[in-house]
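The whole structure should be built from the sequences, with the hints applied where relevant.
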Amino acid sequence: MTRSALAGRMAVADLDRYLGDPRDQSAVISTERSLELDEASAYPGDAVGALNAWGLHRYYTPAEHGGELRDVFVPMMMIRATAARDLTVAVAHGISFLGAVSAWVAGGQIAAIMAELVLDGAPLSWGLTERGRGSDLSATATTAAIGSSIVVDGVKWPVNNATRGRAMTVLARTSDAPGPRALSLVLVDKGRVDTHSLASEPKVATYGNRGADISGLSMRGTTVERDRLVGDPGLGLEIVLKSLQFTRPLSTALSLGAADHAVDVAVEFAASRRVFGRELGSLPAARATLGTAVADALLAECVTFAGAREAHHAPQELALVSSLVKFLVPDTVDLLFRDLTSFLGARSQLLGVAGAGEFQKAARDNRAVGIFDGNSVVNLNMIVNEFTAITRPADPVDVGGILRDFHVDAEPQVWVDPLHLRLVTRRGSRLLRALPAFADLLGSRPSAGPAQDITAELHRLLEAAGAAPRQAAPSAASFDVAMRLALCFGASCAIAVELAGRGSGGAASEGRLLAILERISVRLGLVRSESAAASAAELAGQALEAARSGSRLSMLDGWGVHA
Amino acid sequence: MNTQTDAIESWLVERVVAYGKVDSGSFTPDTPLAELGLDSVYALTLCGDIEDEFDLDVDPTIVWDHPTIRELAGGLSERLAAA
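Chains A and B are the protein sequences, given in the same order. Heads up, the first sequence is in the working numbering, so the first residue is 1 and it goes up one at a time. Heads up, the second sequence is in the working numbering, so the first residue is 564 and it goes up one at a time.
Don't read these hints as lab results, they were simulated from the structure. Some hints here could point you the wrong way.
[Said to hold, decoys possible] Going by beta-carbon spacing under 7 angstroms, a handful of chain B positions derived as facing chain A: (1) Asp602; (2) Val604; (3) Asp622; (4) Trp627; (5) His629; (6) Pro630.
[Claimed, not checked] A few chain B positions that, by computed beta-carbon distances, are all more than 10 angstroms from chain A: (7) Trp574; (8) Val576; (9) Phe590; (10) Thr591; (11) Pro592; (12) Asp593; (13) Ser603; (14) Thr608; (15) Gly611; (16) Phe617; (17) Gly637; (18) Glu641; (19) Ala644.
[Said to hold, decoys possible] Facing chain A, from chain B, some residues (calculated, C-beta under 7 angstroms): (20) Leu607; (21) Pro623; (22) Thr624.
Fair warning: this is a prediction, and the values are worked out from it, not measured in the lab. C-beta: ideal position from N, C-alpha, C; glycine also.
Okay, here's the thing in C-alpha cells:
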C-alpha cells in the first residue's frame, strides 16, 4: 500500500475514533442527543461544528486545490462513519461537498475560489431545484444577467443548507435562447453580496432528516462579481449533470452508514434477546432473516465501492454507473430496513426503549437518500436511456484491469479528471460486460452457481433491452428491465470486490459472496427465498461472531470498519 | 458548404424521418431539432447512429451546441475534418 493510500485509511479510522461510541453521552455524536434533536426537528449544530473542527471539509477539496481529496472513497467512508451514528449529521455536513463539486468539475479560477471557501469551513449549498419544477432542471426560471457583474433573480427551493449555507452554487438562466445552453452556474457568496437582496424561505418539515436545514433562498437583484461564474456561460446544465455523476455514488455512502446502524441494532438484538429460553440469534429462522439483511448491507457496500472506483478508473462510463449505484444502494438498504423492521418487531417503531428509537430514525433518514440527487425514477430512466449503449457490441473486457483497480489495497492517487466525463456512455459499463467472465473465474466455488444463474438472466435482460422501444417516457416493462440490470450489476460488483479482496476464496469470504449472490437471485425471482436460507444463516453467524470481537462484517477488509 | 456537409445533412434528414416523429417535407434543415420531436432520448439515439455511421465519438451536447440539422451537419463535418 502506498503512503497516501495508508494515510487515507488512517484518517478514516481517526475520524471513527474521534466520533467515539454513540452510546456514550459525551461522544461527539451520541444516540441520545441525536434522538432528542430529531424529535425537536432541530439542526445538529454541535456535531456539524465538531466535524469541522476535526477537518472533514478538507477531504471535500481536491489536493491540487489545497485539500486532502485524492481517492473519493476516503471521504465516502468518513460520511459513512458519520451516518452510522446519525445520518442527519452526515447530510448536514456532506451537503457542502455537493455545493462545491461543480467547481471541481468546471476547474479554472473558480475552483480556487471555491477551495478557499470550503477550506475555511464555510457551509455550502447547491441551488438546483425550484418550486413546481420537480426534477426538470431544464425548466429553471431563476435568471442571471451577465454584464460587468452578474445580477441574479429567483427563488431556489427546497435546497439543503439554503439558510445556513454561506454560499450557494446557483443554476440560472443566462440567455433567452431555447435549449440547455441557456443555463449557467453562479456562485452566490452571502458574505460578498448586499444581504438586503436575499431572503430565506422557511424550513420544510420532512419525514426523515428532520433536523436538516431544508429551506430556500430568494434572490432579488442579487449582484455578484463576474468571476463568480462556475464554468463558462452556457455550461451550467452540462456541469450539473457531470457533477451528479460524482455526487450520486457519494450520497450512497449515507445509505451504507444507515445500513451499518440497522445491522448493529439487529445483531445486538439477536445476541441479547432470549426467546423460548434460547438466544434469538441461535434460532434458524431468525438467523436467516438477520443474514439476509447482512447480505443486503454487504451488497450495498460493494456497489458503493464500485461507484467510487469507477469514478476514478472509468469516468467515461460514470453516466451509467452512477445511476446504477444510486438506484441500487438506497433501494437495497430500504429493503434491509423493511426486513429488519419485522425482525425487531415492535421495538423497531418505539421510542424511549433502549436501542429502539435509533432504528426508526435511521429508517426514516435513509428514505431521503433515495430522493436527492435524482430519485429512483430518474435513475432508472437514465439506465433505460443507456439501453442502446449497453447492448452495443463491445471488445472483450480487461477483467484483470478491473481487479487491479478494485484491489482493496490499491488506491487512486489523484482526483478524477472531469474531462473524461460524458453525458452518455459508448458501451455501457465494463462491470456489466464482465459478469460472464467473473462468473467463470469463480470456477467450482459454490458461489459460481448463483453467479452463472445471474449471468444467464443478464443475457435475457440484454435481449429485452435491445428490443425495447425508445420512448421519452419508458414503459413499465423497460423500468423493470432497468431494475433487474441494476441487480446484475450489483452481482458483478460483489464478485469483483471479493476477487480483489485480501481473503479471496477463503471459507469466510466465499460464504459472504455466496450469501450476497443467492440473495440477488432471490430478488431477481430466479430462486425461492428458502433456497438462500442456509447461506444467509451462515452469514448471520459471521456477523454475530464479528460483533463479539467488537467489529462489523465488511467486504473491504483493510479499510478498518469497526462497530 | 461542401459536398461532405451536404451528404451529412441528407443523412441527418433521413435519420430524423426514420425516427418516425415527422414526415419528410414537413421541415427544413433549419427547423430546430427540438421541434422535430427529437427529445433528449432521441438525441442519445442520434449520437449512437452518428458513431455507427461516421466512427465519430460524440456526446449529446453536440445537439445542444448545434440545435438544427444544418448546424449539426456543419459541426460533424468540422469534427470529421479534425479527426
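Can you list which hints this structure breaks, lowest number first? 5, 13, 14, 15
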